[in-house]
Amino acid sequence: KAGVTQTPRYLIKTRGQQVTLSCSPISGHRSVSWYQQTPGQGLQFLFEYFSETQRNKGNFPGRFSGRQFSNSRSEMNVSTLELGDSALYLCASSHIPGGKETQYFGPGTRLLVL
Amino acid sequence: GESVGLHLPTLSVQEGDNSIINCAYSNSASDYFIWYKQESGKGPQFIIDIRSNMDKRQGQRVTVLLNKTVKHLSLQIAATQPGDSAVYFCAVNNNAGNMLTFGGGTRLMVKP
Numbered sequence: 084k085a086g087v088t089q090t091p092r093y094l095i096k097t098r099g100q101q102v103t104l105s106c107s108p109i110s111g112h113r114s115v116s117w118y119q120q121t122p123g124q125g126l127q128f129l130f131e132y133f134s135e136t137q138r139n140k141g142n143f144p145g146r147f148s149g150r151q152f153s154n155s156r157s158e159m160n161v162s163t164l165e166l167g168d169s170a171l172y173l174c175a176s177s178h179i180p181g182g183k184e185t186q187y188f189g190p191g192t193r194l195l196v197l
Numbered sequence: 049g050e051s052v053g054l055h056l057p058t059l060s061v062q063e064g065d066n067s068i069i070n071c072a073y074s075n076s077a078s079d080y081f082i083w084y085k086q087e088s089g090k091g092p093q094f095i096i097d098i099r100s101n102m103d104k105r106q107g108q109r110v111t112v113l114l115n116k117t118v119k120h121l122s123l124q125i126a127a128t129q130p131g132d133s134a135v136y137f138c139a140v141n142n143n144a145g146n147m148l149t150f151g152g153g154t155r156l157m158v159k160p
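For the protein sequence lines, the chains are S and W, in the order given.
To convert, note that position 75 of the first sequence is 158 in the numbering used here; the numbers rise steadily by one, no gaps.
To convert, note that position 14 of the second sequence is 62 in the numbering used here; the numbers rise steadily by one, no gaps.
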């Protein structure tokens with residue numbers, strides 16, 4: 084079974100631009116979560132989606148948004164990029180939400196904001 | 049809320065020795081705990097998990113111990129190998145969804 088895939092793997096943007104990252108969960112997994120990883124703040128939860136609905140949201144500004152499609156694929160968007168948004172963005176999928184099932188992570192998208 | 053801390057940012061062990069990585073959490077209502085391994089350039093890889101109704105769980109060369117009294121979690125790796133070199137994170141889930149709170153990570157270095 085294929086793992087979680089994320090595209091693109093690397094991205095360079097400039098301040099003020101916006102970016103969209105994509106995540107395809109493991110086949111059959113319906114819950115997708117997003118995390119931001121930085122050297123200073125570590126791994127931080129952004130949001131979780133199930134059945135095209137956001138179920139949980141972390142403590143990030145409204146510039147960070149996401150959505151999920153009917154095939155469980157998910158995208159996250161960051162608008163008006165800031166230098167501090169440079170990070171590794173990780174997507175994780177699990178079979179069902181709320182069942183506290185194992186979350187499997189993708190390889191991440193490394194975003195550099197100049 | 050929840051905070052998760054790690055006792056040591058770096059751990060250096062000799063190949064073949066056992067490794068112990070520790071983690072502390074703050075919320076006594078936390079009921080699901082996971083250990084992940086992250087190698088350079090990769091996403092976190094699931095190692096082992098444990099629920100609050102257990103205090104020990106074993107996998108292949110790994111054991112997780114949970115002490116709910118002191119809110120402490122540990123990962124033991126037996127016969128540590130060079131391939132075990134990575135950053136290890138503990139993560140805690142104490143809510144109805146899949147939101148994980150991660151510790152800061154311990155970098156395990158295995159000396160040949």
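Hints listed in this document are in silico derivations from the structure and should not be mistaken for laboratory results.
There could be a bad hint or two in this list.
Within a straight-line C-alpha distance of at most 35 Å, the following computed DSBU-like cross-link-like pairs (lysine-lysine) qualify [to be verified]:
{"id": "1", "chain 1": "W", "residue 1": "Lys-116", "chain 2": "W", "residue 2": "Lys-104"}
{"id": "2", "chain 1": "W", "residue 1": "Lys-159", "chain 2": "S", "residue 2": "Lys-140"}
{"id": "3", "chain 1": "W", "residue 1": "Lys-85", "chain 2": "S", "residue 2": "Lys-140"}
{"id": "4", "chain 1": "W", "residue 1": "Lys-119", "chain 2": "S", "residue 2": "Lys-183"}
{"id": "5", "chain 1": "S", "residue 1": "Lys-96", "chain 2": "W", "residue 2": "Lys-116"}
{"id": "6", "chain 1": "S", "residue 1": "Lys-96", "chain 2": "S", "residue 2": "Lys-84"}
{"id": "7", "chain 1": "S", "residue 1": "Lys-96", "chain 2": "W", "residue 2": "Lys-119"}
Status of the hints after comparison with the structure:
Taking the CA atoms of W:Lys-116 and W:Lys-104, the gap is about 11 Å. The hint holds against a cut of 35 Å. Among the hinted pairs, W:Lys-159 with S:Lys-140 is inconsistent with the structure: their alpha-carbon atoms are about 41 Å apart, more than 35 Å. Between W:Lys-85 and S:Lys-140, the direct Cα distance comes to roughly 24 Å. Compliance with the 35 Å bound is thereby established for this hinted pair. For the hint pairing W:Lys-119 with S:Lys-183, the CA-to-CA distance comes to about 19 Å; that is within 35 Å, so the pair holds.
For the given pair, S:Lys-96 sits about 45 Å from W:Lys-116 by alpha-carbon distance, which is inconsistent with the 35 Å threshold. At roughly 33 Å between alpha-carbon atoms, S:Lys-96 and S:Lys-84 fall within 35 Å of each other, so this suggested pair holds. Note on S:Lys-96 and W:Lys-119: the hinted pairing is violated, with a Cα-Cα distance of about 42 Å set against a maximum of 35 Å.
The structure fails to meet hints 2, 5 and 7 from the earlier list, while all remaining hints are met.
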